[in-house]
Every structure is written in C-alpha cells, then in structure tokens.
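Trainee: When we follow this note's numbering, the leftmost residue of the sequence shown carries the number 526, and every step to the right adds one.
Since the hints were made in silico from the structure, they are not lab data.
Here the structure is a predicted model, which is why all the values come from computation and not from measurement.
Heads up, none of these hints are tricks.
Restraint ranges, calculated between C-beta atoms of paired labels, are given here: (1) R646 x G559: 30 to 40 Å; (2) E588 x H618: 29 to 39 Å; (3) R646 x R580: 42 to 52 Å; (4) F542 x L677: 22 to 32 Å; (5) S541 x E634: 39 to 49 Å; (6) T642 x E681: 15 to 25 Å; (7) A556 x L599: 19 to 29 Å; (8) S657 x E637: 19 to 29 Å.
Ideal placement from N, C-alpha and C gives every residue a C-beta, glycine not left out.
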Amino acid sequence: MSPAAMELDLTLGLPSFTLGVKADLPPGVTAIMGPSGAGKTSLLEAIAGLRRDARGRVAVGGENLLDTGRGVALPPEHRRVGYVPQDAGLFPHLSVRDNVRFGARADEEAVEAAIDTLELRPLLDRSPRSLSGGEGQRVALARALAIRPRALLLDEPKAGPDSYTHL
Numbered sequence: 526m527s528p529a530a531m532e533l534d535l536t537l538g539l540p541s542f543t544l545g546v547k548a549d550l551p552p553g554v555t556a557i558m559g560p561s562g563a564g565k566t567s568l569l570e571a572i573a574g575l576r577r578d579a580r581g582r583v584a585v586g587g588e589n590l591l592d593t594g595r596g597v598a599l600p601p602e603h604r605r606v607g608y609v610p611q612d613a614g615l616f617p618h619l620s621v622r623d624n625v626r627f628g629a630r631a632d633e634e635a636v637e638a639a640i641d642t643l644e645l646r647p648l649l650d651r652s653p654r655s656l657s658g659g660e661g662q663r664v665a666l667a668r669a670l671a672i673r674p675r676a677l678l679l680d681e682p683k684a685g686p687d688s689y690t691h692l
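Make a model of the complete structure from these sequences and hints.
Mentor: So this is what it looks like as structure tokens:
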C-alpha cells in the first residue's frame with residue numbers, strides 16, 4: 526500500500542465543541558463536507574498552519590508540517606500548502622500582479638504560469654477592490670498555485686459566481 530498524500534491526526538478546540546480528525550488521504554482530490562459550523566474552515570486553516578491552537582500531526586508526502594508531540598510546527602510560509610479562503614483574502618493595497626507574486630519567493634516562472642493558467646493578464650494592474658467575486662477567487666487561486674504547493678486547500682471554491690469558469 527502506498528503512503529498517504531496527507532496524514533491528519535488533529536484536535537482543535539472550537540467555541541462549541543472540540544474537532545477531532547484522523548485520516549490518511551490518498552493522492553488526488555478530497556472533498557470535506559458538512560453543515561455550517563462543523564469546522565471545515567477551521568480544519569483547512571489548521572492544515573495550512575493558520576491555527577496555532579491545533580494539536581496533533583499533519584504530514585504531507587511524509588513530511589511533518591505539524592507534530593506537537595515532537596515540537597514540530599512549521600510556519601505557514603514554510604509548509605508549501607496553498608490555501609484559498611472563502612473570501613479570497615486578497616491584500617487590498619497590492620495590485621493583482623503583486624497579490625499573485627506574494628509568497629512565491631521570486632519564482633517568476635511559477636507566477637507567470639499561474640497568471641496564464643487563470644487568464645489574469647487583463648487584470649494585472651487592477652486593485653482587488655475592483656474585481657468581481659469570481660475574479661478575486663481566480664487571483665487567490667493563482668497566488669496559491671504560484672508557490673508550487675504540495676497541497677492545495679480550497680474553502681468554498683464555488684462561492685464566487687464566476688469562479689474557475691476559465692479552467
């Protein structure tokens with residue numbers, strides 16, 4: 526049996542309950558479904574390293590991103606996990622181009638590939654405030670892809686009405 530692409534053994538305290546997740550996820554696409562308030566976003570944030578209160582273990586491709594038992598807690602920028610939040614999370618003071626570049630660590634080839642894949646050239650000099658919901662989601666996805674992620678986490682990927690229609 527091949528190793529899991531992602532291994533999770535997490536506990537995360539939420540306001541009204543404690544979320545516990547134990548899963549070995551194979552390579553490919555995995556959807557997490559559940560009612561509003563079930564902890565889906567919190568789980569994605571914990572995997573991405575945005576929830577410092579997460580306890581347990583997260584490994585991607587056999588590398589520990591979090592292992593609180595061993596004192597391992599890579600910061601988000603060292604996990605190479607692309608995360609696209611529900612609201613796109615774009616930086617309003619940066620242009621579309623600079624939002625895509627953010628975090629790519631001068632990897633212009635990856636930035637240009639993400640821009641071309643998501644057909645963002647006409648938007649590059651615009652402010653995030655001038656974008657439609659779907660355009661913002663495409664920019665956020667390009668930013669996540671430009672880091673050459675080993676895992677890509679999409680929170681409510683179809684939230685923007687014109688999200689990903691160009692893929």
